[in-house]
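Keeping the supplied structure of chain L fixed, place chain P upon it in accordance with the hints.
Here is how the chains run, residue by residue.
Number of protein chains: 2
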Amino acid sequence: MMLVTSGAVAFGKQRLRHEILLSQSVRQALHSGQNQLKEMAIPVLEARACAAAGQSGLMALYEAMFTQYSICAAQILVTNLDFHDEQKRRNLNGTLHELLRMNIVPIVNTNDAVVPPAEPNSDLQGVNVISVKDNDSLAARLAVEMKTDLLIVLSDVEGLFDSPPGSDDAKLIDIFYPGDQQSVTFGTKSRVGMGGMEAKVKAALWALQGGTSVVIANGTHPKVSGHVITDIVEGKKVGTFFSEVKPAGPTVEQQGEMARSGGRMLATLEPEQRAEIIYHLADLLTDQRDEILLANKKDMEEAEGRLAAPLLKRLSLSTSKLNSLAIGLRQIAASSQDSVGRVLRRTRIAKNLELEQVTVPIGVLLVIFESRPDCLPQVAALAIASGNGLLLKGGKEATHSNRILHLLAQEALSIHGVKEAIQLVNTREEVEDLCRLDKMIDLIIPRGSSQLVRDIQKAAKGIPVMGHSEGICHMYVDSEASVDKITRLVRDSKCEYPAACNALETLLIHRDLLRTPLFDQIIDMLRVEQVKIHAGPKFASYLTFSPSEVKSLRTEYGDLELCIEVVDSVQEAIDHIHKYGSSHTDVIVTENEETAEFFLQHVDSACVFWNASTRFSDGYRFGLGAEVGISTSRIHARGPVGLEGLLTTKWLLRGQDHVVSDFSEHGSLKYLHENLPVPQRNTN
Amino acid sequence: MMLVTSGAVAFGKQRLRHEILLSQSVRQALHSGQNQLKEMAIPVLEARACAAAGQSGLMALYEAMFTQYSICAAQILVTNLDFHDEQKRRNLNGTLHELLRMNIVPIVNTNDAVVPPAEPNSDLQGVNVISVKDNDSLAARLAVEMKTDLLIVLSDVEGLFDSPPGSDDAKLIDIFYPGDQQSVTFGTKSRVGMGGMEAKVKAALWALQGGTSVVIANGTHPKVSGHVITDIVEGKKVGTFFSEVKPAGPTVEQQGEMARSGGRMLATLEPEQRAEIIYHLADLLTDQRDEILLANKKDMEEAEGRLAAPLLKRLSLSTSKLNSLAIGLRQIAASSQDSVGRVLRRTRIAKNLELEQVTVPIGVLLVIFESRPDCLPQVAALAIASGNGLLLKGGKEATHSNRILHLLAQEALSIHGVKEAIQLVNTREEVEDLCRLDKMIDLIIPRGSSQLVRDIQKAAKGIPVMGHSEGICHMYVDSEASVDKITRLVRDSKCEYPAACNALETLLIHRDLLRTPLFDQIIDMLRVEQVKIHAGPKFASYLTFSPSEVKSLRTEYGDLELCIEVVDSVQEAIDHIHKYGSSHTDVIVTENEETAEFFLQHVDSACVFWNASTRFSDGYRFGLGAEVGISTSRIHARGPVGLEGLLTTKWLLRGQDHVVSDFSEHGSLKYLHENLPVPQRNTN
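Just so you know, the sequences run in chain order L and P. Letter 402 of the first sequence, counting from 1, is numbered 402 in my numbering, and no numbers are missing. Letter 493 of the second sequence, counting from 1, is numbered 493 in my numbering, and no numbers are missing.
Chain L extracted, bound-state conformation:
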């Protein structure tokens, strides 16, 4: 780690200015009193003098800062000559290596005192400054001389842009390849987007030629400056990275464009054509089984010993998994006919002016999934069925499997010339970086653990995320519940698959049922099923010897554990659910229809059931055809989501030469606003 620093001139300027003020003030005071002190003109200071005066203060500051971390720093002052003279260069090289060997950080600056005066330059107010580019070229020379791994140039702009900042399409270049000169035109000032960046870019290219990679990034942004260096060293996408090696594939931005335009083409196909693509993909999954399993075997071998057994199981594919995957895809194909272009509303606004609201795809989806490669064809089919462009980001452990499955998806898409609609992101972008591309992505769907969902919801900046974050499901056993039903319902809700988000977490029991045979039956059943019981505070207070009290009534156990609490009435049950629930799925068990309807109407959750297991909360069980997920969001899609969750609408208005001024108070026309019938959803 070496540091090339500016700041000596600025530091010295403060100091010299102060000195001059003090020396002038005596004279001034004789003439006009103290008050004029502040208004006195400050003479232009000589930059080299400033640098000399500031150097010691600057070094003291670095010393004080580094001392905090027990790191020793050393001062090195050089001039260009030190690099040109072979002997001097060797001396400098030796000194620096010796310092580095001793874990001392060299702080390097130009020895401004012995260089010629600077050309005028307005970088700093009221002082002629040695052009900053000296530091950039110094850093580049030093980086090459010392064969550093990376040169980080911190500036006050984000990096290098492909067109002048402020123009329509100015975009930050993430990675710049010197061979790739089309994207930026150097030299012609008006067409280059580097405002004040020329010197840095020249230095960067020089260092790159010398074998050192370079990053130009913003070091002044107050919100990130604390992290910028560590972020860069960790390989995150910060600023512009200068590299000699151009990766083979497209950038993620290009992939986004391709998904957008491919998706638009997909959306204009006939529903039968989209279904055909999905049927073809289903066939490919079984036809190309051997190749898929071979690729999967590679992933499995590489993961062996590095992944835990349950993860390995999720990663592995088999003939039977592929077969059932193909069956699922055919179901999606069948249910896709009625999705895009469905008319939801028709209105006659005036004679010959008809309005239609039709379903259309949302645009570009980003689906992020963990180890399971079988997610890929399934998600691809959903995107195809709904006419959306798709960016896929899978887990690294499934690289080989994902690659072949993606190729098959593109092969299927190409039968109708829309191969590009589905893109697999293979670049080094972190999930976090993808979540920031709000101009390219319209909806993010995380498929995986609820931890993944929560992380993505946090990372997504301005892009909506569809996914369930928590399922704290309740079942309220009313005083009029039927003895026969209750244990069946509790067992199914809690024990059938306790890790699911629609599994039961809290059982609310009406107080009248305490110490009844029904209550004992429930407890016995839970014992037999080895469900660990946690007592709510009221429940615990009713028992002589109670199970351990809950830490929190708002817990998703996801395991054979259940919280039991006592309530006095259906209203208290509803209040409990509103206070501690996650608005996922809540159930009442009662034979009293009036109580049941009260519960159904008043509980503010995505799914509210009467005498049915919480586990019905599921797209397939709801008969939605393909299941996109279960959404705990309140807008757009709520609860189990079918293909409709991947659709939005647009309004089509067909007129002749209709203008709104004809409908004004004294205009010739009146609004009719007549609702016209729309085709009903197919009934089987």
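Check the hints yourself; a few may be wrong.
Pairs count within a copy or across copies, as identical chains cannot be separated in the list.
The list that follows gives simulated cross-link-like pairs (lysine to any residue, SDA-like), each with its CA atoms no further than 20 Å apart [what the hints assert, rightly or not]: (1) K485 to H673; (2) K147 to R488; (3) K439 to A459; (4) K439 to D162.
In case anyone wonders, no lab produced these hints; they're calculated from the structure.
Frame of chain L; chain P shown alone:
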């Protein structure tokens, strides 16, 4: 500005440790060689010695930092005695005041070298530290002694919580009133949420009694630490503010709770009851006209001379404004009957197991509106019609008007006992603070300028925002456009109300029309209407003398200005719209139905029209009844939004004792998934 600092011990620890290592290394080296140097145990250091050794380095660091800003700092070391002895206190007071008078920042620390040894404390590894609370009480004493306006205590936690952090309902207390001891229980350790905060809170209360307000905030958060002091001084909601004065009304959190529960009650009313409330509010607006106008007059008088004329106009109410407002409200009431509880989908899942998807309110809306007070009754009616709870945040300039209008809304609500469903936020919370309450608010609707919408979209953390941000609307004039229609359509779209978001901004003309009479007619009309023309690059290249070239093809002029560009085909028009448009409203003018349908299907915008003015893009003109707004978002609601935009859905499942295990492969039941008919939307 005075600074009480810690850090001397830490600073000295580094230094002494280094010294000890050096002195030990000689001895150690004689025994066992250099390699053991690193592993040597460091003896526990005496805190007072550390402080003495560190004090000079710490001060040098402050000096170096403050010098950067030409600010002089002074070192002050005090002990508790300096406050107890009257003479010493007066000395200290005099010194500090003299320093402050000279704009010198006193940096104060305890004179650790002359105090008794500290009790063991584990704040710093490997060193006994003088308990940090000394600095807190020192700061409090100093603040009171110097009669400071504010004491800021920076810690590593966000502030004071009302219950132990990690418990179910732990919430940061924004403002703490010492009189209000219910919310936090001091003393009993397990019930107080101050992990390590006792000393700070005691010091804060002591300072508060002495007449100094106090803020305890997190000074270590890397993302905000650069702003925390300025944010606090600007009165933003950071950390916990200790104040003697308790405001009269409820906190915004309490208002959120009231809106939530009031909204839930509102949602369970019959549609006719909600309509009744709105009709009653409409009546109140005309019945209580005099009181409303009186309140408005107060606002107008206070705003006179401080607001620009157009803003004053928006602020003013009149009898005719109130009358048309009442008419609008009655329309909302009429259209509200069919909103909440509408069945969208019915499915028979199995025998006696029926699923229903019904519309329900979203929950709690936050509506932020600028000067126009007439917004309030309108928004209130929309919330009532859709059964949502509502938080209203109006502009300060309309305080009196908003207050009475809100009272009338609550009066109307109280006829069905749901007065609390609508809350007016009067506390000092900034809009930004409200936008962070993601657990309390489900949807934010900004009503006002597109600048307001953009600001809110930026500020909203995790809460969806419904609003149009930009309307860059296009009209494409095809080669087969009718001469008669085109000028009418362009004039209506551009000139009728150019400030609207659905006004035309870019006219795309097919190349074949250049230099035809039709083209001349358009240009003549634009001249007559005094529309300033900006030429797109291709258009400019076709003309000998062209108007000024556009700066950007992606401009919303919002004024009598229009960009004209030439395209070669309908496909090129579509590409242009996708590249530069904002997906708001785009129109094709042509007599060729096939071209028109191609455009309608392929343009990916919220509204796509054929031979109709862009200005039809409006909830009222679309016949949606009440207009909530125009959404440029792609999910949930898109384009003009009626009451439906304020609704979501829930799933009701009514069974007998249905469990999913009965439907497993070998179970006794099979899914039917039979779509049942749903009632059609009313047709007039």
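We went through each hint and held it up to the structure:
no. : hint         : result
1   : K485 to H673 : neither (51 Å within a copy, 23 Å between copies)
2   : K147 to R488 : neither (72 Å within a copy, 70 Å between copies)
3   : K439 to A459 : both (15 Å within a copy, 18 Å between copies)
4   : K439 to D162 : within (17 Å within a copy, 41 Å between copies)
Violated hints, in rising order: 1 and 2; the structure is consistent with all others.
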